[in-house]
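Visitor: Can you make the complete structure from the sequences, with help from the hints?
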Amino acid sequence: QQPVQSPQAVILREGEDAVINCSSSKALYSVHWYRQKHGEAPVFLMILLKGGEQKGHDKISASFNEKKQQSSLYLTASQLSYSGTYFCGTELTGTASKLTFGTGTRLQVTL
Amino acid sequence: KAGVTQTPRYLIKTRGQQVTLSCSPISGHRSVSWYQQTPGQGLQFLFEYFSETQRNKGNFPGRFSGRQFSNSRSEMNVSTLELGDSALYLCASSLSSTNEKLFFGSGTQLSVL
Numbered sequence: 002q003q004p005v006q007s008p009q010a011v012i013l014r015e016g017e018d019a020v021i022n023c024s025s026s027k028a029l030y031s032v033h034w035y036r037q038k039h040g041e042a043p044v045f046l047m048i049l050l051k052g053g054e055q056k057g058h059d060k061i062s063a064s065f066n067e068k069k070q071q072s073s074l075y076l077t078a079s080q081l082s083y084s085g086t087y088f089c090g091t092e093l094t095g096t097a098s099k100l101t102f103g104t105g106t107r108l109q110v111t112l
Numbered sequence: 003k004a005g006v007t008q009t010p011r012y013l014i015k016t017r018g019q020q021v022t023l024s025c026s027p028i029s030g031h032r033s034v035s036w037y038q039q040t041p042g043q044g045l046q047f048l049f050e051y052f053s054e055t056q057r058n059k060g061n062f063p064g065r066f067s068g069r070q071f072s073n074s075r076s077e078m079n080v081s082t083l084e085l086g087d088s089a090l091y092l093c094a095s096s097l098s099s100t101n102e103k104l105f106f107g108s109g110t111q112l113s114v115l
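Line by line, the protein sequences are chains A and B. So the first sequence is numbered by our numbering: it starts at 2 and just counts up by one. So the second sequence is numbered by our numbering: it starts at 3 and just counts up by one.
If you're looking for bench data, these hints aren't it; they were derived computationally from the structure. We put the beta carbon where it would ideally sit given N, CA and C, even for glycine. You may find that some hints are simply not true.
Unchecked claim - Coverage of chain B stretches by chain A, computed from C-beta distances (three or more under 8 angstroms per stretch; other residues unrestricted): (1) 35-44; (2) 47-58; (3) 71-77.
Stated by the list, open to error - If the Cβ cut is set under 8 angstroms, some of the chain A residues that face chain B in the computed set are: (4) S31; (5) H39; (6) P43; (7) F45; (8) F88; (9) E92; (10) L93; (11) F102; (12) G105.
Guide: Rendered as structure tokens:
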């Protein structure tokens, strides 16, 4: 079951904040976030496991709401280097080692 | 430490042909996953191998198959190619499962004419 990401695309000015959401209709065991720049391979950002623990990566953080089966990625004070497509990957409870990705959120940061 | 290596980088085939793609994981990584990436569809999970065994499989037809060798290198095969198989095929490796940080290769861009 492919997770649903929103928004599909967002344009920001440098320094602005953004939130990308990822939701599933099934019980999640973990949520993974990756960023892919144009023409490059996806790069790992963070993993969140059941428990609602919020993780951070510089000015990028994320949360995991178990009750809502939803994760949100927070980009604070965005930089030009944040531009790219963000993918969330979900691992359902009981389906170990099968990571299903959403269709991605395209983020563009401008001056 | 060398990253994940995929060969070839680009491939052009015609309908009906078959193709084999190769992936060499990071040294010490035993899990290799394959994904198909097309515009608008994101990353579609194909299958995952661990210690030469297919551990998980996505919803793709039987024309898509793979294998993993004892040195953890993996190959993916697509038989009887269709136009819709045109995509970027990405391989990712991790130490032991996909519930860990995945390291992606640069992919093989397959075009079916």
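Visitor: Are there three or more residues in the region 35-44 of chain B whose C-beta lies within less than 8 angstroms of some C-beta in chain A?
Guide: Three-residue rule met by the region 35-44 of chain B, so holds; n is 5.
Visitor: Restraint: F102 of chain A near chain B, CB-CB cut 8 angstroms. Satisfied or not?
Guide: holds, 4 angstroms
Visitor: Does H39 of chain A hold up as a contact with chain B if the rule is Cβ-Cβ below 8 angstroms?
Guide: For H39 of chain A, the interface hint is violated, since the closest Cβ of chain B sits about 12 angstroms away, which is over 8 angstroms.
Visitor: Going by Cβ atoms only, is S31 of chain A closer than 8 angstroms to chain B?
Guide: holds, 6 angstroms
Visitor: Do the numbers back the hint for E92 of chain A, that is, is its least Cβ distance to chain B under 8 angstroms?
Guide: holds, 6 angstroms
Visitor: Double-check P43 of chain A for me: the hint is only fine if its C-beta lies closer than 8 angstroms to a C-beta in chain B.
Guide: Holds, because the Cβ-Cβ distance from P43 of chain A to chain B comes to roughly 5 angstroms (cut-off 8 angstroms).
Visitor: Under 8 angstroms is the threshold here; is the Cβ of G105 of chain A close enough to any Cβ of chain B for the hint to stand?
Guide: holds, 5 angstroms
Visitor: Please count how many residues of the region 47-58 of chain B have a CB within 8 angstroms of a CB from chain A and say whether that reaches 3.
Guide: Held - the region 47-58 of chain B has 5 residues with a Cβ nearer than 8 angstroms to chain A, which meets the minimum of three.
Visitor: Are there three or more residues in the region 71-77 of chain B whose C-beta lies within less than 8 angstroms of some C-beta in chain A?
Guide: Check failed, 0 qualifying residues.
Visitor: Could you check if L93 of chain A really has its C-beta closer than 8 angstroms to a C-beta on chain B?
Guide: At about 11 angstroms, which exceeds the 8 angstroms cut-off, the nearest Cβ of chain B leaves the hint on L93 of chain A violated.
Visitor: Using 8 angstroms as the Cβ threshold, decide whether F45 of chain A counts as touching chain B.
Guide: This interface hint holds because 5 angstroms falls under the 8 angstroms limit.
Visitor: If you take the shortest Cβ to Cβ gap from F88 of chain A to chain B, is it below 8 angstroms?
Guide: holds, 6 angstroms
Going through the hint list in order, the structure does not satisfy hints 3, 5, 10.
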